[in-house]
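Chemist: The residues making up each chain are set out below.
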Amino acid sequence: MNKILIVEDEEPIANLIKINLKNAGYYCDVSYNGQDGADKMQSERYDLCLLDIMLPEIDGYELLDYAKSIELPVIFLTAKGETKDKVKGLQAGADDYITKPFEILELLARVENILRRFEKTSKYIDILDLHIDTVSRTVLKQGVPLKLTYKEFDLLLLFVRNPNVALYREVIYEHVWDSTYMGDSRTVDLHVQRLRKKAGLERYIESVYKVGYRFTTS
Amino acid sequence: MKLFWKQFITMMCFIIISFMVFGNIMVHTAFKTTLKNETGQFIEEMKIFQYALVASLEGLPKEYQATDMAVAEIVKSIQQSLNNTNDSIIIYNKNNKIIYQNSNYQSKLIESFKDNNYAIWQIHKYKEHYYLESLCEAQSRAGNYKLELHHNIDYVYQDRQQLYNTYFLSLIIVFAVFSVVVLVFSNHFTRPIRKLSHATRSFANGNYKSRVKVKGHNEVAVLSMDFNQMAEQLEQNIIQLEENARHQEEFTAAFSHELKTPLTSIIGYADMLRSMEMSKEDTFMSANYIFSQGKRLERLSLKLLELLYIDKQEIVFQEINTQIFANQIKIMTEKLLQSKEIILLIEVENWNFYGEPDLLLSLFSNLIDNARKATDEHGKIILEGTKTDCGYCFCLKDNGRGMPQEEIHKITEPFYIIDKSRARKEGGAGIGMTLCQKIIKLHHAEWDIQSTLGNGTQITICFTNNTDYGGVNNEKN
Chain A
1 MNKILIVEDE EPIANLIKIN LKNAGYYCDV SYNGQDGADK MQSERYDLCL LDIMLPEIDG
61 YELLDYAKSI ELPVIFLTAK GETKDKVKGL QAGADDYITK PFEILELLAR VENILRRFEK
121 TSKYIDILDL HIDTVSRTVL KQGVPLKLTY KEFDLLLLFV RNPNVALYRE VIYEHVWDST
181 YMGDSRTVDL HVQRLRKKAG LERYIESVYK VGYRFTTS
Chain B
1001 MKLFWKQFIT MMCFIIISFM VFGNIMVHTA FKTTLKNETG QFIEEMKIFQ YALVASLEGL
1061 PKEYQATDMA VAEIVKSIQQ SLNNTNDSII IYNKNNKIIY QNSNYQSKLI ESFKDNNYAI
1121 WQIHKYKEHY YLESLCEAQS RAGNYKLELH HNIDYVYQDR QQLYNTYFLS LIIVFAVFSV
1181 VVLVFSNHFT RPIRKLSHAT RSFANGNYKS RVKVKGHNEV AVLSMDFNQM AEQLEQNIIQ
1241 LEENARHQEE FTAAFSHELK TPLTSIIGYA DMLRSMEMSK EDTFMSANYI FSQGKRLERL
1301 SLKLLELLYI DKQEIVFQEI NTQIFANQIK IMTEKLLQSK EIILLIEVEN WNFYGEPDLL
1361 LSLFSNLIDN ARKATDEHGK IILEGTKTDC GYCFCLKDNG RGMPQEEIHK ITEPFYIIDK
1421 SRARKEGGAG IGMTLCQKII KLHHAEWDIQ STLGNGTQIT ICFTNNTDYG GVNNEKN
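Read top to bottom, the protein sequences are chains A and B. Position one of the first sequence corresponds to residue 1 (the numbering used here), numbered consecutively onward. Position one of the second sequence corresponds to residue 1001 (the numbering used here), numbered consecutively onward.
Hints are supplied without guarantee of correctness; some may be wrong.
[To be verified] Listed next, the in silico DSS-like pairs over lysine-lysine satisfying Cα-Cα at most 30 Å (straight line):
1) B:K1280 x B:K1002
2) A:K22 x B:K1295
3) A:K18 x B:K1295
4) A:K68 x B:K1260
5) A:K68 x A:K18
6) B:K1260 x A:K18
7) A:K22 x B:K1260
8) A:K84 x B:K1260
[As the list claims (entries may be wrong)] Computed Cβ-Cβ distance ranges for the label pairs, DEER-style:
9) B:E1281 x A:A109: 22 to 32 Å
10) A:S122 x B:S1279: 22 to 32 Å
11) B:M1278 x A:K141: 29 to 39 Å
12) B:S1279 x A:D126: 24 to 34 Å
13) A:Q193 x B:E1281: 31 to 41 Å
[Stated by the list, open to error] Computed far set for chain A versus chain B, every beta-carbon distance over 12 Å:
14) K123
15) L167
16) D178
17) R196
18) E202
19) Y204
Honestly, the hints are just simulated from the structure, not real lab data. Cβ coordinates follow ideal geometry from the N, Cα and C atoms, glycine included.
The shape of chain A in the complex, shown without the other chains:
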């Protein structure tokens, strides 16, 4: 299980991130100020740090320097959304930069991405009777390879990484097809149905009335 440190002075936001990361299967610690964040970095070993820039006591940039010195990957999490702020953050050595307000799915995707880049997470996902290789993009079902299209594979990844979450059609569309949802649900429905059939997940990918789909492992 990956350990993630959240340094965020806004309690509601820190809590929000914590709940969602826990749901996605990470272990989380929260610091509400820079000093506490530095202390936690020192005493515990984390795989990733989500760092706010405007923090009391020690600000995000200083904390970033410290995190870099102990080789802790950092994602900046901030309301400063201007390009120059992003450039400044990334130049300072942040591994990614997420601006508030953000969507949970986006946050999870970025977290996953950074963890994978630093090889903190396994490239294999074993769920139910599926063995997924996220690098070579292959899926084995009980040892037998499945022939999935590019989009179907992305769809499967999205489901298995967000278990027990009702995924809205628009959210699915925006994440898998990477463009703005224009109200055409047929593309999503078609792909979900084919994925269900190919991977034998009819029982696990549930339809949620008027919303979309939910992946359950039970």
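Since the structure of chain A is provided, determine the placement of chain B on it from the hints.
Modeler: The following block gives chain B in isolation, referenced to the frame of chain A:
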């Protein structure tokens, strides 16, 4: 064309033309004088010759008709006796026929001689030489003859040429010397202008510190001083503008941060509520977060509107009685203070002052609200009002937790919050003090904040005697 070259060329033209005119006049006058002297002398000579000839002819015996040959001999002897060997002589008889000539000089002067003339003369150029020619009659009993004399005056013309040459040489020397002098002077006079131009260009290119050194009191120095003054003023304005822009930018950045933070929570928790099955407690917590963050946004927008309102509103100052005003403050803040059981003590001297009542109420309720947030339950807030020499002063004290000395000057910055976690719970938006400062500025009042950590805060606001901007009217009391 550059001013430098204009000045240079103008001065050179003037000098050359004046020298040329002056020189020409000098040479010409000298020439004329010499020529006149020469002519006078020549005519005298001729008169002597004529007189000698006539006397000689008259001296001949009566009834003796002289032959041309004899006349020629007479003339020859006269010439020898007068020692006049340089001039060539021609003698005509009455039929205008040459009877004597001592050179091969060819003259046409005889053609312009009329019968009634006594004598004529002219300057004639013959074979590249200048001659004075003169012709006169010598009448006697022995016969009428005409006498013509030629005198070489080349040296007069040569003198003139030499003068011209000398003059031309001196002109060239003068030209060279003046060129250098004028060049140096032009350069010297246009240097301050060039310096000024350089400074102006530098200023235009964004170097607002660019100034000119001012020397002397001439026009350029005055212009330089004016430039410096203008540059000073512009620099001030630019600094002011940059400052304003920076403030604006800071405000926008802080505002966007304040806006995005609650939005992140609202969107995030709402998304969780709609897509996850959560426990009852989590559902309640999420909804509560959405509510509190929504409230926070509401407060922010209300305060912001107030801030905008002050900027746009036209302010009318009214006379306000301090005791009535203090009472209004008490009524307005009573409910709020009751929740924490804080006591508000009011000791206000009765007086009248000018101000905008709504804005002032907003000012005091903001300050009292801040005091409330900083004070624990059963705290005490005191509002004192005293008449002073220069106006009227309100003093607001609380026995709350105060603030660190170094933070005091920052509290009027928009969205600056000293203790974030506490202020959020108490419901602060971070622009209350910015608002207060604006209101105070509008009233041309002054305020002073004293605070010690743990001992409470004291804010003094003084309204001046100037009734134009809200304040105290002494005469009415």
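Chemist: Take the hints in turn and mark each one as holding or not.
Modeler: Hint check:
1. B:K1280 x B:K1002: Violated, at roughly 88 Å.
2. A:K22 x B:K1295: With Cα atoms ~28 Å apart, A:K22 and B:K1295 stay inside 30 Å; holds.
3. A:K18 x B:K1295: holds, 23 Å
4. A:K68 x B:K1260: Given that 30 Å is the threshold and the Cα spacing comes to 27 Å, the pair holds.
5. A:K68 x A:K18: With a Cα-Cα distance of about 23 Å, the restraint between A:K68 and A:K18 holds, given a limit of 30 Å.
6. B:K1260 x A:K18: holds, 19 Å
7. A:K22 x B:K1260: holds, 24 Å
8. A:K84 x B:K1260: Roughly 18 Å separates the two Cα atoms, so the pair holds.
9. B:E1281 x A:A109: 22 to 32 Å: holds, 28 Å
10. A:S122 x B:S1279: 22 to 32 Å: holds, 30 Å
11. B:M1278 x A:K141: 29 to 39 Å: holds, 31 Å
12. B:S1279 x A:D126: 24 to 34 Å: holds, 28 Å
13. A:Q193 x B:E1281: 31 to 41 Å: holds, 37 Å
14. K123: holds, 27 Å
15. L167: violated, 7 Å
16. D178: A:D178 is indeed farther than 12 Å from all Cβ atoms of chain B, at 19 Å.
17. R196: holds, 19 Å
18. E202: Its Cβ never comes within 12 Å of chain B, the nearest being 21 Å, so this holds.
19. Y204: holds, 15 Å
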